[in-house]
Amino acid sequence: MTGSPPAAAQDDGASIWAELALGDLEAIRDLLAENHPGPVDLENSRYGEWLRDGFAEASQRAGRADSMADYERTLRFFVNGFRDGHIALGLNYQPRIYSWPRFLVRRSVDGNADSVFYSNTDAVPVGAKLQSCDGQAVDALLGERVDPYFFNADIPHTRRWYVPRLFTLDPGDEELQLAQCTFLIDGETRAVDLEWARLSARTRSEQFASLRSDRPELGIAERDGIVFVGLPSFVQTGSRARTMQAVIDEIGERRDELRSRAVVFDVRGNGGGNSAWGVAVAQALYGEEWVSRITESFDATVDWRVSAANMAHLDGIFETVSRDGLADAAEYVDGVRTAMAAALERDEALVRTSDPGTEPSGPPPANPISGRVYFLTDSRCGSACLDFADVMRRLPGVTHIGLPTYADAIYIDNTVALLPSGLARFSYSLKVYRNRVRGNNEFYTPEIPWPGGPMTDEAVTAWIGELAGHTRSE
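In terms of this note's numbering, the sequence shown has 12 at position 12, counting the first letter as 1, and numbering is strictly consecutive.
Please note that a few of the clues may not be correct.
What follows is a set of in silico ranges between Cβ atoms, one per label pair, in the way DEER data are often shown [what the hints assert, rightly or not]:
(1) E206 x S297: 42 to 52 Å
(2) N92 x Q136: 32 to 42 Å
(3) D53 x G23: 49 to 59 Å
(4) S292 x G135: 58 to 68 Å
(5) A366 x G187: 40 to 50 Å
(6) E144 x G23: 40 to 50 Å
(7) T358 x D154: 23 to 33 Å
(8) R323 x A56: 43 to 53 Å
(9) W196 x R254: 53 to 63 Å
(10) S67 x A342: 42 to 52 Å
(11) S67 x L42: 32 to 42 Å
(12) S297 x E222: 51 to 61 Å
(13) E43 x G127: 45 to 55 Å
(14) E345 x R323: 26 to 36 Å
No wet-lab data here; the hints were simulated from the structure. We put the CB at the ideal spot given by N, CA and C, even for glycine.
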């Protein structure tokens with residue numbers, strides 16, 4: 001939400017921000033130490049080391065905090081250092097006004113150019129290519145100002161997401177304003193003195209959002225003879241769960257027809273949710289035999305962190321999946337609850353649910369697909385969307401197209417806690433995969449890469465039409 005921090009946090013002195021930053025930093029450390037599998041994971045010493053060493057360095061930063069921007073950087077530095085996309089900081093308060101040099105820059109998909117995409121100054125037109133600022137290359141500026149707080153170096157293609165952040169500053173960060181940048185404009189190199197101005201949070205959000213792919217609507221649509229199955233999220237509960245189930249039912253009812261068509265499973269913007277939905281979608285088109293042959297071969301052995309808080313979270317998950325009719329998921333969660341309750345009694349740190357998978361016996365069924373099946377991703381595909389990718393990329397006749405996916409650590413299944421200051425929420429994981437089919441922070445690269453430019457519905461439809469040999473309708 002957008003607004004001002006609580007009155008208690010509006011003191012101009014450094015002490016209140018240092019106090020808030022250190023208090024929330026300690027809360028994050030304690031939540032991880034008591035409830036996350038990483039600190040007690042003997043197979044990953046780095047997690048515990050960063051919990052100790054990263055906390056020590058972040059604590060020093062907290063002591064110097066003099067603004068909400070400093071508070072945020074302190075917490076993000078600590079959280080980002082784990083290189084774990086499943087732990088995350090979410091702010092409850094955002095500035096209403098930022099400062100900016102009256103232009104914003106983005107990085108191309110191939111990473112070869114940093115170009116102005118939004119401007120309201122004649123000195124820096126849209127399309128101008130940024131070369132450097134105050135004598136520093138763009139990558140050097142990112143390394144100093146952005147990477148420590150946002151970028152996971154294990155997923156290199158996501159670094160381009162953060163380039164626009166170089167040119168919007170929070171209140172209190174005026175000393176970070178760059179003075180001069182060099183651009184390539186109309187074939188000439190020009191040095192431009194920057195004029196900083198106010199930028200509304202709304203405009204900033206709109207411009208940042210304009211760089212993302214279009215997110216499909218949940219449902220089935222036909223465009224230019226191509227069937228698009230829009231799956232923007234696997235977080236589907238309540239009425240959305242009923243809509244999701246209706247999509248699955250429609251795929252099943254139209255199975256014979258769809259198997260001979262060009263079908264696109266469109267997961268642009270899908271950051272995850274409940275993996276059971278992805279399995280059900282795949283089964284609706286391919287049938288249970290094909291999908292089970294794949295999923296049952298996966299080693300799903302996990303170690304759960306044992307704690308009273310995690311037990312309470314599992315109770316809530318059980319109620320949710322039971323209410324949404326996900327019987328298999330409910331049975332699994334109930335088994336985990338039983339195992340964790342026994343481990344709590346024994347005062348154990350981890351409890352294992354073993355599921356080593358089964359190698360398929362006999363030859364695979366015949367390929368049921370006579371048409372074309374495309375699996376369309378952007379780089380937001382993470383968590384349960386990656387679980388869906390694990391299945392889709394192993395089904396016959398599927399071509400993975402688009403942008404490289406996101407990646408996630410082997411720590412997964414999250415809960416969230418409000419931090420003591422009330423300024424932020426912290427999300428963290430409950431379990432660790434032991435032999436997952438995807439390695440830690442491993443991403444998928446499409447067989448056919450997106451050619452570049454915004455991934456709008458119109459552009460995607462035209463591109464896939466070319467791939468599938470369809471003629472575009474007028």
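**Message:** Please list, smallest to largest, the hint numbers that this structure does not respect.
**Reply:** Hints 3, 5, 6, 12 contradicted; others consistent.
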